[in-house]
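Student: Next come the chains, spelled out residue by residue.
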Amino acid sequence: MNMVRFVDAETRVVVQGITGRQGRFHTRLMLEYGTKLVAGVTPGKGGESVEGVPVYDTIAEALEHRIDASIIFVPAPYAPDAVYEALDAGLDPIVVITEGIPIRDTMEFVARARRSDITIIGPNTPGVIKVGECKLGIMPARVFTRGRVGIISRSGTLTYEIADHISRIGLGESTCVGLGGDPITGLDFIDALRWFEEDPQTDAVVLIGEIGGDAEERAAEFIAEGGFTKPAVAYIAGRTAIPGKRMGHAGAIIQGERGTARSKIEALESAEVPVAEKPSDVASLLKRLLS
Amino acid sequence: MRLLEWEAKEVFRDYGIPTPEGRIASTPDEAREVAEKIAQPVAVKAQIPVGGRGKAGGILFAETPEEAEEAAGRLLGSTIRDVEVREVLVEERLNIERELYLGVVVDRSSRAYTALATSEGGVEIEEVAARTPERIIRLTIDPLEGLRPHQARWMVKQIGLEGRGMLTAADILVKLYRLAVEMDAELTEINPLAVTPEGLMAADARLNIDDNALWRHRDLLERFGESELLDLTEREREAKRLGLTYVELDGDIGIIGNGAGLTMATLDTVQLYGGKPANFLDLGGGAPAERVEMAVSFLLTDPRVRAIFINILGGITRCDEVARGVIAAREKTGVEKPMVVRMIGTREEEGRMLLEEAGIHCLDSMEEAAERVVSLLGRR
Numbered sequence: 001m002n003m004v005r006f007v008d009a010e011t012r013v014v015v016q017g018i019t020g021r022q023g024r025f026h027t028r029l030m031l032e033y034g035t036k037l038v039a040g041v042t043p044g045k046g047g048e049s050v051e052g053v054p055v056y057d058t059i060a061e062a063l064e065h066r067i068d069a070s071i072i073f074v075p076a077p078y079a080p081d082a083v084y085e086a087l088d089a090g091l092d093p094i095v096v097i098t099e100g101i102p103i104r105d106t107m108e109f110v111a112r113a114r115r116s117d118i119t120i121i122g123p124n125t126p127g128v129i130k131v132g133e134c135k136l137g138i139m140p141a142r143v144f145t146r147g148r149v150g151i152i153s154r155s156g157t158l159t160y161e162i163a164d165h166i167s168r169i170g171l172g173e174s175t176c177v178g179l180g181g182d183p184i185t186g187l188d189f190i191d192a193l194r195w196f197e198e199d200p201q202t203d204a205v206v207l208i209g210e211i212g213g214d215a216e217e218r219a220a221e222f223i224a225e226g227g228f229t230k231p232a233v234a235y236i237a238g239r240t241a242i243p244g245k246r247m248g249h250a251g252a253i254i255q256g257e258r259g260t261a262r263s264k265i266e267a268l269e270s271a272e273v274p275v276a277e278k279p280s281d282v283a284s285l286l287k288r289l290l291s
Numbered sequence: 001m002r003l004l005e006w007e008a009k010e011v012f013r014d015y016g017i018p019t020p021e022g023r024i025a026s027t028p029d030e031a032r033e034v035a036e037k038i039a040q041p042v043a044v045k046a047q048i049p050v051g052g053r054g055k056a057g058g059i060l061f062a063e064t065p066e067e068a069e070e071a072a073g074r075l076l077g078s079t080i081r082d083v084e085v086r087e088v089l090v091e092e093r094l095n096i097e098r099e100l101y102l103g104v105v106v107d108r109s110s111r112a113y114t115a116l117a118t119s120e121g122g123v124e125i126e127e128v129a130a131r132t133p134e135r136i137i138r139l140t141i142d143p144l145e146g147l148r149p150h151q152a153r154w155m156v157k158q159i160g161l162e163g164r165g166m167l168t169a170a171d172i173l174v175k176l177y178r179l180a181v182e183m184d185a186e187l188t189e190i191n192p193l194a195v196t197p198e199g200l201m202a203a204d205a206r207l208n209i210d211d212n213a214l215w216r217h218r219d220l221l222e223r224f225g226e227s228e229l230l231d232l233t234e235r236e237r238e239a240k241r242l243g244l245t246y247v248e249l250d251g252d253i254g255i256i257g258n259g260a261g262l263t264m265a266t267l268d269t270v271q272l273y274g275g276k277p278a279n280f281l282d283l284g285g286g287a288p289a290e291r292v293e294m295a296v297s298f299l300l301t302d303p304r305v306r307a308i309f310i311n312i313l314g315g316i317t318r319c320d321e322v323a324r325g326v327i328a329a330r331e332k333t334g335v336e337k338p339m340v341v342r343m344i345g346t347r348e349e350e351g352r353m354l355l356e357e358a359g360i361h362c363l364d365s366m367e368e369a370a371e372r373v374v375s376l377l378g379r380r
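One line per chain: the protein sequences are P and B, in this order. With the numbering used here, the residue at position 283 of the first sequence is 283, and numbering never jumps. With the numbering used here, the residue at position 268 of the second sequence is 268, and numbering never jumps.
These aren't lab readings, by the way, just hints derived from the structure by calculation. Since no wrong hints were added, every one of them can be taken at face value.
The calculated lysine-lysine pairs, modelled on DSS-like cross-linking and capped at a C-alpha distance of 30 angstroms, are: (1) B/LYS175 - B/LYS37; (2) B/LYS240 - B/LYS276; (3) B/LYS332 - B/LYS240; (4) P/LYS245 - B/LYS276; (5) B/LYS175 - B/LYS157; (6) P/LYS245 - B/LYS55; (7) B/LYS276 - B/LYS337; (8) P/LYS245 - B/LYS240; (9) P/LYS278 - B/LYS276; (10) B/LYS337 - P/LYS245; (11) P/LYS278 - B/LYS337.
Remember, predicted model here, so these are calculated numbers, not experimental data.
Taking the hints into account, I'd like the entire structure generated from these sequences.
Tutor: Quick look at the structure:
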């Protein structure tokens, strides 16, 4: 079984694609948050610097710093190569922010990563944050306050919406991870649940799912079988979605009879995971479970 | 992108997968000519990107070229499962002894292609999975190893093929996998794979290509053009041209959100309060004022839309940009419709001020805003 690795205050990071518009912008925000960004890589831009972070042509050169993890902002056609570069350097975890990577490419680099026991977060993810310690992603910092609720999500803005409620109600978050909106991602709910089960700083977990695939159903089975024992609450987006239509995310599509919100909600409820009707209900359900 | 049968069959031919002789026709005359060339009984098949075509009357048989002309006349211009038939495929009618199934599909849970084979061809694989799941042979293919011929032989052996038939079917399956990988298929199926006295033949073909990979298949787009737009509504086609992520629904409340999950949750919440969303429209991340303006104008000019709900959680999306876009859309279209805006996050204050000045009130809570927009239309 693969070990999942997330981040903390000690995690030292390289930003791949640091000189692009997104890369620059989020480098600044991550630095402001306190993330230890020690190097950037953009082939052909070696020798420059972004927000005081030195830029290298290759990760091999950037390794004159000690680096643990990578975050990737490289455009889709070139992103797989960036992932392999990070894999070859043994960086772990590798957070792939890039949206629009072909499924076949993702299947290949995820298989490689799993073979090397390296965690890939994403693609098409807002990233991962350990609140108050390390933000390796594009999520707005101000919706999070330090607390003891973990979040696992397939969606970006919906995570911020729900985290904001959890923060306002005074519970706060420990670690939040975006699995990514693509059909194939490095992590699924079960991988993340295993990690949160062992995390001493997390008392309860929120699962934010959406239509498409059966990751939520499998997570529900995993919980029902006792794989995850802490309190859990869920929200599933897409009750009104039409089968066969892609709802924004490449992975958010109901195919055949599978992947409907109803099927996910029923599976979770039968695993005794309460499912919120509205995003704001997640926080109140949590409060009830934790009091 | 979902290819039509004739398009998928052309790709199959590129890969050496046996397909019946046939050609596409867009008029009854053309259909007759194709049938004359084939010089034997033919099948006339409506080319539409939806399943269950046979049951819906989309496949007709013809003994003579005149009958083929007549069949094409009946199909062309008709509507099957809400899609207009613009082309028919006229091909030799096969002498089918048995119908098998071979497929290669992306399997999300194993994060890999899965090869599927069953002796129960001719019906949708989901149906077989529901009725007789034990008849489906599955193999998860390691993305780094590929499908080996011996694995393919093992699979087709289990669906009852022997001798030469087994060897041919295994060869077809290996080719189908290679096609899936090289063409970035999300799904490709031969259903049915017909067993005929002349050998195995792909009687029908399905090929769905990963939209995110279309940039490396420009040749395909040039070859087949716009068939991918066939199953979109008029407004969805227009939205696609504008580059908007839009899905048409049948209600009257126009919805704009940022981020797919939040936008879906917005639709769900509106519905929970008794409203009916007219659409899904995701601005994506970091939309500038121009893009917001385009999106809002798109809904303002949709006669079905009676009120608009804009739900923004600003991260990389800036609320002031959103406000500017909303105001510009109202000014430029000259259309006034009740509008509820919920906007929090980056540059919230600036955005709110701009909207308030324009007489649009801004709310903090998505639920409150959903309730408001529903009550504006006098429903609950």
